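Each chain, letter by letter, is given below.
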Amino acid sequence: MTDQIPGRRESTAVPTTGPAGVPAIACTALVYSFGSTRAVDGIDLEVEAGSIYGLLGPNGAGKTTAIRAITTLLPVPPGMVGVFGNDVAKRRMEVRRLLGYVPQQLSADSGLTGRENVAMFARLFDVPRRQRGERVTAALDAVGLREAADRLAKTYSGGMVRRLELAQALVSSPRLLILDEPTIGLDPIARDSVWERIEEVRGATGMTVFVTTHYMDEADQYCDRISLMHRGTIRATGSPQELKASLPKGSGTLEDVFRHYTGDTLEEPTSGEFRNVRATRSTAARLR
Amino acid sequence: MSVPRAAQPPAFAEDGVAAPGRGLVDQPPTAPRTGWRVLPSRVVALCVVELQKIRHDRTEIYTRAVQPVLWLAIFGETFNRIRAIPTGSVPYLDYLAPGIIAQSAMFIAIFYGIMIIWERDAGVLTKLLVTPTPRTALIAGKAFASGTKALLQAIVVLVFAAVLGVGMTADPLRLLGVAALVVFGSAFFSCLSMSIAGIVLTRDRLMGIGQAITMPLFFSSNALYPTSVMPGWLQPISKFNPLSYEVDGLRGLLIGTSSRLALDFGVLVVAAVASICVAAALLPRLAK
Chain A
1 MTDQIPGRRE STAVPTTGPA GVPAIACTAL VYSFGSTRAV DGIDLEVEAG SIYGLLGPNG
61 AGKTTAIRAI TTLLPVPPGM VGVFGNDVAK RRMEVRRLLG YVPQQLSADS GLTGRENVAM
121 FARLFDVPRR QRGERVTAAL DAVGLREAAD RLAKTYSGGM VRRLELAQAL VSSPRLLILD
181 EPTIGLDPIA RDSVWERIEE VRGATGMTVF VTTHYMDEAD QYCDRISLMH RGTIRATGSP
241 QELKASLPKG SGTLEDVFRH YTGDTLEEPT SGEFRNVRAT RSTAARLR
Chain B
1 MSVPRAAQPP AFAEDGVAAP GRGLVDQPPT APRTGWRVLP SRVVALCVVE LQKIRHDRTE
61 IYTRAVQPVL WLAIFGETFN RIRAIPTGSV PYLDYLAPGI IAQSAMFIAI FYGIMIIWER
121 DAGVLTKLLV TPTPRTALIA GKAFASGTKA LLQAIVVLVF AAVLGVGMTA DPLRLLGVAA
181 LVVFGSAFFS CLSMSIAGIV LTRDRLMGIG QAITMPLFFS SNALYPTSVM PGWLQPISKF
241 NPLSYEVDGL RGLLIGTSSR LALDFGVLVV AAVASICVAA ALLPRLAK
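So the sequence lines, in the order shown, correspond to chains A and B. Position one of the first sequence corresponds to residue 1 (my numbering), numbered consecutively onward. Position one of the second sequence corresponds to residue 1 (my numbering), numbered consecutively onward.
Pulled out of the complex, with its shape left as it was, chain A reads as follows (with noise of 0.2 Å):
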């Protein structure tokens, strides 16, 4: 790999857990290879309890690949990546009961309407026949789609649809809500509208929000702490403010900051398989 790794240090200097000591994620040396390609190589990590995470880094960084060892999708050997102190290796359903995700792609069924999109998952996650209706309701309720929600999704605009989708998420109350470029492709409002719902929702549950995105100024502006991610390796770890003061001159963008650990700019996408791309070329189309 690449011999710029002066943020590495960082990532591990200040150790962060929870207030019962148990952080929501702990990553400890986690790589990931597909075939010859480490698309993840030797990440630490650990995320606060009831903090906004931020996972930072360009397309092809292995932002969506630690998503998924997190997530329990890929098979890591045991005692690389733990869930409120959960061996994801070992107690795989446990660790998916804390979880909500919301993949990068736009998952909603469109042939169901919205109520009919979040009963799946409450079903799914064993929620209660008489809890049911109400869980559905303050699911949807939370992210604004009351009105909307016996519509068929197909009828919904993209920023509705995600915000769906963290209905879906949200209904099983998850500890730890797992959203994978959530505001991709979306208008600004529409961006910012979702992130208001994750904030609430952070507000009112106390619940851990672990994001990946690619958008700086959306990291900066609600994420607690930032992991910046390039090529599979963590580069730098801290507040948003924390890692701008780090910049030689003592401030500066993110942009800036990602620019002093990696030597690269964000705009330039190392890799990226097609299917990938396609999908996030079709959801960015979707939303328009």
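Hints listed in this document are in silico derivations from the structure and should not be mistaken for laboratory results. Check each hint, because a few of them may be wrong.
Claimed, not checked - Label-pair distances were calculated between CB atoms; the ranges are:
no., chain 1, residue 1, chain 2, residue 2, range
1, B, Met-215, A, Ser-157, 39 to 49 Å
2, B, Val-163, A, Phe-34, 48 to 58 Å
3, B, Ile-199, A, Lys-154, 28 to 38 Å
4, B, Arg-37, A, Lys-90, 55 to 65 Å
5, B, Glu-60, A, Gly-263, 52 to 62 Å
6, A, Pro-78, B, Ala-287, 18 to 28 Å
What the hints assert, rightly or not - Which stretches of chain B does chain A cover? Using the computed rule of at least three CB atoms under 8 Å from a CB of chain A, they are:
no., region
7, 49-60
8, 117-131
Here the structure is a predicted model, which is why all the values come from computation and not from measurement. Yeah, the Cβ is synthetic: ideal placement off N, Cα and C, and Gly gets one too.
Got chain A; can you put chain B on it based on the hints?
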């Protein structure tokens, strides 16, 4: 650093804030289903989704009814008149009706894998896999959801056959048996389709293979003619074709011809269970 031992995640909203989450129920479901009880609950969840989708858009049920209607109204009526196929005392149209019910259900199921490829590309599959649903339960759910759809299709064909004057049973127990045969048959063929999807991974290839195998499955079964009039080389092949057992059972229950019901049910249940296991084993290829 090792992953910390399992610990209780911190409780939510300790100060009891209710405001911005707007009543979002912030306790995870209390009694998660475990062990064997997961399976029926996931099957029900996915069947409900299938029914909801059909309720919103019934076009597919009607357009898919065109082919079986043609088979019965044209092929059936013609061969009924010329008495070319030896069906004993049973009129050919009556003999054909159960075969066409099975065939139309199979045609739906055999392309069910396209759905799972679409779900993979749309991110739905990853989202489903992050719910506390074991792979076999997910596949079984999809298999029976396909069975639900096929059952509705079968009802349409059944009604049309009755309109054409096919003399069929009205015994509710026998009709229940018919429903079970259609559901298990479709579960098998949809899992065959999902297994192929897991191998070829693209919609185009699956379409090609689906087209290539439907007619051979149809013609090598007893749907159109008794196996006794088949060429000698085809007769043993038809014994390995689950469609033959489905048709035999349907014919016995609906028309009252002599059939080996226990064997028919046995073969279909075993085939369905085995194909669920195979498709579940291939699912990780789709989830990559």
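Status of each hint after checking the structure:
1. Met-215/B - Ser-157/A: 39 to 49 Å: Given about 44 Å between the Cβ atoms, the range holds.
2. Val-163/B - Phe-34/A: 48 to 58 Å: 56 Å, holds
3. Ile-199/B - Lys-154/A: 28 to 38 Å: 31 Å, holds
4. Arg-37/B - Lys-90/A: 55 to 65 Å: At 22 Å between Cβs, range violated.
5. Glu-60/B - Gly-263/A: 52 to 62 Å: 54 Å, holds
6. Pro-78/A - Ala-287/B: 18 to 28 Å: At roughly 20 Å between Cβ atoms, Ala-287/B and Pro-78/A fall inside 18 to 28 Å, so the hint holds.
7. 49-60: It holds, with 5 qualifying residues against the three required.
8. 117-131: The restraint on the region 117-131 of chain B holds, since 10 of its residues have a Cβ under 8 Å from chain A and three suffice.
Violated hint: 4 only; the structure is consistent with all others.
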